[in-house]
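Engineer: These are the residues of each chain, in order.
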Amino acid sequence: AQSVTQPDIHITVSEGASLELRCNYSYGATPYLFWYVQSPGQGLQLLLKYFSGDTLVQGIKGFEAEFKRSQSSFNLRKPSVHWSDAAEYFCAVGAQDTDKLIFGTGTRLQVFP
Amino acid sequence: EPEVTQTPSHQVTQMGQEVILRCVPISNHLYFYWYRQILGQKVEFLVSFYNNEISEKSEIFDDQFSVERPDGSNFTLKIRSTKLEDSAMYFCASGTVAETQYFGPGTRLLVL
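Residue numbers (this note's numbering), protein chains in the order written: chain A, 1479 to 1591; chain B, 31 to 142.
No wet-lab data here; the hints were simulated from the structure. Ideal placement from N, C-alpha and C gives every residue a C-beta, glycine not left out. You may find that some hints are simply not true.
As a list, the in silico DSSO-like pairs of lysine-lysine whose alpha-carbon atoms are at most 30 Å apart [unchecked claim]:
id : chain 1 : residue 1 : chain 2 : residue 2
1  : A       : K1546     : A       : K1527
2  : A       : K1527     : B       : K87
3  : A       : K1527     : A       : K1539
4  : B       : K72       : B       : K108
5  : B       : K72       : B       : K87
6  : A       : K1546     : B       : K72
7  : A       : K1527     : B       : K113
8  : B       : K113      : B       : K72
9  : B       : K113      : B       : K87
10 : B       : K108      : B       : K87
11 : B       : K72       : A       : K1539
What follows is a list of derived Cβ distance ranges for each label pair [to be verified]:
id : chain 1 : residue 1 : chain 2 : residue 2 : range
12 : B       : M45       : A       : Q1520     : 35 to 43 Å
13 : A       : Q1480     : B       : L69       : 42 to 50 Å
14 : A       : D1532     : B       : K108      : 22 to 30 Å
15 : A       : G1540     : B       : K108      : 14 to 22 Å
16 : B       : K108      : A       : Q1536     : 36 to 44 Å
17 : A       : H1560     : B       : N81       : 40 to 48 Å
18 : A       : T1508     : B       : L69       : 28 to 36 Å
19 : B       : E115      : A       : G1540     : 14 to 22 Å
20 : A       : H1560     : B       : L69       : 26 to 34 Å
21 : B       : E83       : A       : D1532     : 46 to 54 Å
My request is simple: use the sequences and hints to build the entire structure.
Structural biologist: If you want it as structure tokens, here you go:
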């Protein structure tokens, strides 16, 4: 069965520091991978997606993610975090044979000045 | 930039009452979805809708749930007889292709 694991429930970083949020997935076929961000009281905003091709994908707000098939991972990175990046981040996996996205439990990012 | 919109933003209802949650997908999108997020839990898929019919549904989406696209712009989720455990944030999503889903801001439903 498909599953997504985000091992870090809560991460705290200082503004200007680099960030890496971890995501591991389990799926038999080639997955579609997504990162969404949810600010307090807001909906889910798509940051970036991977379907195929270049394993390093660029997204909005300066985020990038790298698909590593050998590690079943799709970690989200940002070189320098801004206070406005404080939010909850969700990794999700989809596939060609299903409409549904499977979401991870989310990682809450806190940014200190 | 076009967005998915949802109304109402919050709804409080009594157990056993019917509720209709409304969504206006992005105008050129053809695929429509509902998800829910119970407080403190994962976002869960409920149903997908394409070409005026349900294309996929989860085990959560039982007979008390229904979806409809009553006109060219709205997409609704109806819960016929709400239960306490239906309290959640309900997200609508839409996409031009099946693979990419854009989410609305959600409707927070509280069943008392």
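Engineer: Can you list which hints this structure breaks, lowest number first?
Structural biologist: Result: hints 7, 12, 13, 14, 15, 19 and 21 break, sorted rising.
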